[in-house]
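Q: Protein chains in written order, with the working numbering: chain A, 197 to 1000; chain B, 11 to 245.
In short, the hints are calculated from the structure, not lab data. Bear in mind that the values here come from a model prediction, so they are computed numbers and not experimental data. Backbone N, C-alpha and C define an ideal beta-carbon position, used for all residues, glycine too. One should not assume that every hint holds.
[Stated by the list, open to error] Quick look at which bits of chain B chain A covers, simulated, 3 or more residues with Cβ under 8 angstroms:
{"#": "1", "region": "100–109"}
{"#": "2", "region": "121–132"}
{"#": "3", "region": "195–204"}
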Amino acid sequence: MNFYIRTAWQSLKLRPLFALGVVTTLSITFSILLVMFNLHHVLLVKALPYSNQDSLHAAISRVYEEDKLKLHDWASYPAIEHVVKNMDKGKVAVVNYHEELATDLNGFPMLRVADTVTNYFSMLGAQFAIGKGFPLDLELNAKEPIAVISYRAWREYFAGDTNILERKVTINDVSYSIVGVTSESFVEPALFQVGAQTDIWLPWEYNTWEEGVREGWASLTDQIKMFVQTEPGQTPQQMQHQLNTLIGDKFKQETQGSPHIKNGSYSFEIKPLKDYLVGDSVGSLWFFIAGSIALAIIAIINVSNLLLARATEQQRNLAIKATLGASKKKIFNGLFIENTILTGVSGGVAVIIAYILTNEVRHLMQGMLPRLQELSLSWPTILFAITLIFSIGLLFTLMVANSLKYNKLIFSLKSSGKGSGLQVSSRVRQVLIASQLCLAAPILVATTNLAQESLEEVMKESGFEVENRYYVNLNTVMNSYPSEERVPLINEIKERLLQLPQVVRVSNSYFVPMMSNRWQSTLRLDDDGSTVDTYTNMIDEQYLPLMGIDLLQGNNFTREEILTYQSSSVIINETLARKIAPNGDVVGKYISWTPGNEFKQYLVIGVVEDIQVPNTPNASRIYLSRFNNFRFMIETKSGTELSREEFLDVVQEVSSSFYIYDYRSIESAYDSLTLNNKFIAGLSLLMCLLTIVLASMGIYGVLSYDVNLRRYELGVRMALGASPKHIANMIFGENIKLFVFGAFISVAIIFAMEYVLRTHFSLDLYVSPLMTALSYVITLATILVASSVAMKSITSRWPVHALK
Amino acid sequence: MKNTIIKLEDIKKIFSTEEVDTYALAGVDLEIFEGDYVSISGPSGCGKSTLLSILGLLDEPTSGSYTLNGKCVSKINKSESATIRSDEIGFIFQQFNLIDELSVEDNISLPLRYSDKNYSELEIEERIHRCLKKVGMEHRRKHKPNQLSGGQQQRIAIARALVADPSILLVDEPTGNLDSKNGDIIMEMLSTLNASGTTICMVTHDPRYADMAHKQYYLLDGKIAQTTKEFKEAV
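Excised from the complex, chain A in its bound form:
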């Protein structure tokens, strides 16, 4: 065996470019395949890291109005509390997610907080590095100021202090005693946001929801999540029935006559926790898995072609070996060892690349894909890589052995080699090229379209300005002060900010445009009494000019309206204006809006242009006057900045009890909304590029091999009078026929792919004619260039060279 390994290695060393070509092609595509296999395994196959994962289910709230689904996965606070109080305590856990400042830690870090119940930890089988979870007798509404912190938070904010159980952490003026640190291996289920990791768990009752939400059955939030544990023998359907029996009538009764919901009903959908966590975010993963498989097939075809070319070259040596007594098995073994060395080295390199890529994916795709915390190169992936190496090695050997035909090997020694040696049939070569096209064209179409879609979202005109603009939210404790106390403080902060040389405008408003989808409310149109769901923002007179939102009709709020806090005026956007009056002429009309339980009339004083929030459809919007919480938008002069420290200095001059809860540049906040699109666009273009490179290499390889094999035949034709033009016409003609054939099949594949995605995965693959045409032009150009280059090597010389 050593002899065979040594000779195979020496043989490969003599052909470094061939070996490099094979290893590069296979290792790049194998590594992508391994990353995708690994992602697929960790996200979709691997069990959740909870011993009782099969019995854990997400209880998803579904709210209906007039029997029509109004909101999915938005919960009613009292409804959830009602269920928790009436269910077996150990079988249900509820969590409310938010972010808060820890005001007694260095730098006032923003912590991700989860308010939860005592059995949250026991249901997940959580282990603790230090201390324990909440006490078992902690009641739902008990106010016991205790906290559990995550291992990561312990290391980052408490420097891994071993006396952590003696320390406290202050949030919203409440000092919590730390009772436990979760173990390093504990992975929480990211129920609210993909990839979000909780820093601190507080008892449920310490959530910051105001009375209106705590008691408003029709007030809904997406921040509260619930999961349940089925008992042995209990089916998820039985659990669902149990929950719905508890909430169904109660919700109807409590929301009767509510202005927010007509004939409302509430139910729970029970879904395995794993499926819930994975959610819809893996749609693009399937696409990339399919793409990586197709790329791997292209690579295998390319390498097959290289190996066939090499088999032609090896034929004489193999014939000598056969003549000297090498059996069919020994010839096969020699080839298998050589191919396994190639695939083995490729596999090894691929595993290393996959390891690096997997770590990168974990960082780069944080927040885009679920379960990334659990992502590492898994053993099944390594086993898959080993299986792949040997399978592909065997496949290559079988293919080469099949083309060599042992019985004919000996006779091949007698041949002069002029067109009578090993040749792969033209049909095989045609299949190789057509299959390259069939695989490459759909990938190119899909990736270019995906990239185009993502880039369109990135390039979309927002309708507002983001440069030199900042958004600041001060700590929420001050927001609970009476309005009369807050307004002078807000005005003073505004005045002081305007005194800074770089500040142009300051606005005290609720949401920056791209966050303004957070507050949905209902309008009643006075003309016909119909209602419209609309996104709501509260602004001052500076907001529209500061954000660069154009006023299309009517007027902005006046300074007096804002100062006196007495306004019954409203500004609406163009989309809403057209809903009210098709011609959009609505200034002077009245609409009714309800901030609470009763509708109140508002006069429309202006219409502004629509704003576009990335990845969300256009919507109706209303802008009400005067917001008096501590949120500010600041515009600075071009080329200047306003730092967090500068801002903090200003507000602390007004009151030393102010902290900055959130401070960011609006430009970076806007950019972060399109990060996912940019990533997908980048990944798509990379895949597109890789496809072009691989397919071009493959097509060039097959064509040049084909032309080379036909060298003698072309020489004969030239000897009979065929000019270079005749030869070119013949080769181009044959290859264009092949292209047309492959293009037809690939178009059929694209339509089939589009149909399957639409009908089975509810995904729309928009096939852009321009991008599709471009994909085919690229492929055709590759074919023509490859044919031309390969042919040139024969026709540029005298026929005698081809006839040798």
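Chain B: place on chain A using the hints.
A: Using the frame of chain A, we list chain B on its own:
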């Protein structure tokens, strides 16, 4: 007086490497007249194939003058040489060189299709028929080359060489891949063609077949040393 078909004057072909220049042809003078039957023989490596390649415009000489039908062709480009090959030169190879995927009639038609003369399909059909008849293979016109024996393939190759009515047939070891019976048939056929006026220049190392030519040249170290007759007399 017979017309001169081919006239070579001091034709040299040098294959150069970084270290050495090898003279495949070291100054060949040769004249072939209309209706001649010329054989060129010599030991392996003497330059027979190189000479035939230059005569057939498959390669260019390094120096010297080559006149074909009164036209100097020693420095023409590849496209011009292709036109001349399709119209004025017929090739017969040792390995027959029929194209496997084409039928017998399509193989024969190739020189006509590559010609600039734009032959009509009717004329092509007529010429194929005439040539197949000449070689006695009319009944095989729809066959593929691999359905024929070696002798039959060479007869088809002869038909192909004749189809454009070339000025000269260049024949390279026509019997090299045939048994003696088929070899004799092919040589008989060439003699008949010459008798009917076809000019033939044949490369062979078989003295029996070389003797069938009217003029026999002996090539040694890239030069025509003497006629074979003179060589034999010398020996």
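Q: For each hint, tell me whether it holds in the structure or not.
A: Each hint, compared with the structure:
1. 100–109: With 5 residues in contact (Cβ-Cβ under 8 angstroms with chain A), the coverage given for the region 100–109 of chain B holds.
2. 121–132: It holds: at least three residues are needed, and the region 121–132 of chain B offers 3 whose Cβ sits within less than 8 angstroms of chain A.
3. 195–204: It is violated, with 0 qualifying residues against the three required.
The structure fails to meet hint 3 from the earlier list, while all remaining hints are met.
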